[in-house]
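Read top to bottom, the protein sequences are chains H and L.
Mapping to the working numbering: the first sequence position 491 is 491, numbers consecutive.
Mapping to the working numbering: the second sequence position 121 is 121, numbers consecutive.
Heads up, a few of these hints could be off.
[What the hints assert, rightly or not] Straight line, CA to CA, 27 Å or less: simulated DSSO-like cross-link-like pairs of lysine-lysine:
no. : chain 1 : residue 1 : chain 2 : residue 2
1   : H       : Lys345    : H       : Lys32
2   : H       : Lys370    : H       : Lys32
3   : H       : Lys370    : L       : Lys56
4   : L       : Lys70     : H       : Lys399
5   : L       : Lys95     : L       : Lys70
6   : H       : Lys332    : H       : Lys98
If you're looking for bench data, these hints aren't it; they were derived computationally from the structure.
Letter by letter, the chains look like this.
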Amino acid sequence: MAHPPAQQQGSPIGQPPEEQGISSDRYRRLFKAVTVATAIVAIAPLIILAILNYHQYKRAYRADLIHPISLLTLNTKRSLEFFLSQRRSALKMIINDKSFNELCDQAALEEIFVNLKASFGGGFVDLGLIDDQGNQCSYVGPFELEGINYAGQQWFREVALRGVYVSEVFEGFRKVPHFIIAVKHETGPRDYHVLRATIDTELLNDQVLHLSERPNSDAFLISRKGVLQSPSRTYGDVLDDFPLEVPPYSVKVEVVEQLDERGRPLIVGYAYIESTSFVLLLINRPEAIMGNWLSLRSEMIVFTAVSALLILAVIFWGAHYMVSRIRAADVKRASVFHNMEYTNKMATIGRLAAGVAHEINNPLAIINEKAGLLRDLVTYGEDHPLNEKFDRIVDSIIKSVERCSSITHRLLGFARQREASTEMINLEPLIQEVLGFLGKSALHRDIEVRINVPDDLPAIESDRRQLQQIFLNIINNAFAAVDDGGRIEIGMTEAEPGTVAVSVTDNGSGISKENMKHIFEPFFTTKKGYGTGLGLSITFSMVAKIGGRIEVSSVEGEGTTFTILLPVVESRD
Amino acid sequence: MDGLRVLLVDDEEELVETLVERMQIRGFRAEAVTRGIDAITRIRESEFDVVVLDVKMPGLDGMEVIAQLKNDRPELQVILLTGHGSSEDAARGIKAGAFDYLIKPVDIEELIEIINRAAAR
Numbered sequence: 001m002a003h004p005p006a007q008q009q010g011s012p013i014g015q016p017p018e019e020q021g022i023s024s025d026r027y028r029r030l031f032k033a034v035t036v037a038t039a040i041v042a043i044a045p046l047i048i049l050a051i052l053n054y055h056q057y058k059r060a061y062r063a064d065l066i067h068p069i070s071l072l073t074l075n076t077k078r079s080l081e082f083f084l085s086q087r088r089s090a091l092k093m094i095i096n097d098k099s100f101n102e103l104c105d106q107a108a109l110e111e112i113f114v115n116l117k118a119s120f121g122g123g124f125v126d127l128g129l130i131d132d133q134g135n136q137c138s139y140v141g142p143f144e145l146e147g148i149n150y151a152g153q154q155w156f157r158e159v160a161l162r163g164v165y166v167s168e169v170f171e172g173f174r175k176v177p178h179f180i181i182a183v184k185h186e187t188g189p190r191d192y193h194v195l196r197a198t199i200d201t202e203l204l205n206d207q208v209l210h211l212s213e214r215p216n217s218d219a220f221l222i223s224r225k226g227v228l229q230s231p232s233r234t235y236g237d238v239l240d241d242f243p244l245e246v247p248p249y250s251v252k253v254e255v256v257e258q259l260d261e262r263g264r265p266l267i268v269g270y271a272y273i274e275s276t277s278f279v280l281l282l283i284n285r286p287e288a289i290m291g292n293w294l295s296l297r298s299e300m301i302v303f304t305a306v307s308a309l310l311i312l313a314v315i316f317w318g319a320h321y322m323v324s325r326i327r328a329a330d331v332k333r334a335s336v337f338h339n340m341e342y343t344n345k346m347a348t349i350g351r352l353a354a355g356v357a358h359e360i361n362n363p364l365a366i367i368n369e370k371a372g373l374l375r376d377l378v379t380y381g382e383d384h385p386l387n388e389k390f391d392r393i394v395d396s397i398i399k400s401v402e403r404c405s406s407i408t409h410r411l412l413g414f415a416r417q418r419e420a421s422t423e424m425i426n427l428e429p430l431i432q433e434v435l436g437f438l439g440k441s442a443l444h445r446d447i448e449v450r451i452n453v454p455d456d457l458p459a460i461e462s463d464r465r466q467l468q469q470i471f472l473n474i475i476n477n478a479f480a481a482v483d484d485g486g487r488i489e490i491g492m493t494e495a496e497p498g499t500v501a502v503s504v505t506d507n508g509s510g511i512s513k514e515n516m517k518h519i520f521e522p523f524f525t526t527k528k529g530y531g532t533g534l535g536l537s538i539t540f541s542m543v544a545k546i547g548g549r550i551e552v553s554s555v556e557g558e559g560t561t562f563t564i565l566l567p568v569v570e571s572r573d
Numbered sequence: 001m002d003g004l005r006v007l008l009v010d011d012e013e014e015l016v017e018t019l020v021e022r023m024q025i026r027g028f029r030a031e032a033v034t035r036g037i038d039a040i041t042r043i044r045e046s047e048f049d050v051v052v053l054d055v056k057m058p059g060l061d062g063m064e065v066i067a068q069l070k071n072d073r074p075e076l077q078v079i080l081l082t083g084h085g086s087s088e089d090a091a092r093g094i095k096a097g098a099f100d101y102l103i104k105p106v107d108i109e110e111l112i113e114i115i116n117r118a119a120a121r
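Same shape as in the complex, but just chain H:
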């Protein structure tokens, strides 16, 4: 039966254990376990440390970023409050110091206005005195606002109620952004008058604008309703709407992280300016400032990755080396086991066979001689009608003796020759001899054994005993593999110059792909309960010992072919 070319190749024989690497599953599992365990122990702390460092650095960078913003916002809040408080106090001082009539005097108010401007260096645009009915009784300034009535205006109601009022920035009658500061002075339970000054917003802007000069920064004022009170580099001019949400009220300076309208991160420092509706905002885009952090982060990632790779490489190399050494030691140990097992087996068989053969040989010799004598008596004696029958009986006895004798000779021959010895061997008679041991089994189980051997097959120089054992093991396995009525084909060819190939093909159940990986491993057996798992392993070693190699191909459900390649001239390892 011809199989397709080798479907599943077993390990080539004769390879020293050191070169076999870590191919089998058992060692691959060990390699995997060692690698994974060591990698976890070695790399996990590195990664944990890297993550901790990452977060610590990130926190530190954030703190570095937030602290100056908080400080700047606080300083600016204080100077703004001081700026407004100075002007409020000046107006308070004037209204408290002068009577309504004095202030109502246009010339006196003009003099006060000049003094104010001289003292505060600008900022005051105009100054007016308003009675409790909202009538402006005196006014100093660039516009013609004398006699105007403010009774219906929101700011007049606010100052009447609170005593002091700082307005939001508004355009007013002049259509120029400005804000006012107004203070009230009560002269009786219902009598009061109000001093009102318009302040140039430029001065207010100057308080804030210097903050915007920092890179990636924007500083400006908004009202609590979200209207820009000073120009912003990013969000537009005075009185434009501020597009982001107004931060919640807080008496302290706050720094928060939030996303802008495009989802980019912002760091926002803000402060509510006391007694006004102004909110100071200092906005920073962190990308640029975080640049250092990002490069540090990249360096950390690269360092961690390179370290991890290096550790992994060392672990791989170490585990491979260690597992290879373990495997080599296992193979060596198994080889010692083989030799012990083999030597013990051969010694036991030898003793048993020699004893049995010797004990049987003597009575066989007697039977042989007695039968011979019987024949002699018939041959040399008188003619007798039964002489022919006697002769046939004697013939049968002598043939049976010869059969017994050949068995005892084989037993003795097999048990002898412990020492390796090389001789020229014709393979066919040797295989026939091996088959002789199994002949009865073939007959009883109706197994067909065919031998194909070309006439010009060269004799090989080898060790007869080893070859007998090798073929006995392989053919015995073939017998075990086939069902009753199965077929075993033994072919011999000169595979390549100087090499004879003996193939033993059975039509049994075949070997599974999984088992194929292990069949030459010591202690591997599929013969549940009665296999030692050493047969093929020993065969493998013996073939290697006489300089050959063994190949196996199998198709599940169709059968298996073992091919033993033997050198014509032995070259021992």
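Fit chain L to the supplied structure of chain H, relying on the hints for placement.
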């Protein structure tokens, strides 16, 4: 009938007696002993042309007997009988002066042929 005188020595009495009988049928003056010491005694007493000697025997074994015989009667031809697998013994026997060896069980015709060749020497 050349009437060669043959002494068969083997501890298996049944075997040697049968062989003796078969040889006598063929005209040999054969006789048998079952112990090595008896063989030496017998050879000192009588003349023999050929001795057929089993190698493995209790007491004096074939190798000791052959040594003694070669001492007493150097011209006497000795043929050894060995069990299978005792070719080393046979080789030692031939070195010690035996003419040839046969592996048991023997074929009578082969034995006679070798006895004749030994006697002819």
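Okay, the hints, checked on the actual structure:
1. H:Lys345 - H:Lys32: violated (38 Å)
2. H:Lys370 - H:Lys32: Judged against 27 Å, a Cα distance of about 73 Å means the pair is violated.
3. H:Lys370 - L:Lys56: holds (21 Å)
4. L:Lys70 - H:Lys399: Violated, at about 38 Å.
5. L:Lys95 - L:Lys70: holds (12 Å)
6. H:Lys332 - H:Lys98: violated (117 Å)
In the structure shown, a violation is registered for the earlier hints numbered 1, 2, 4 and 6, in ascending order.
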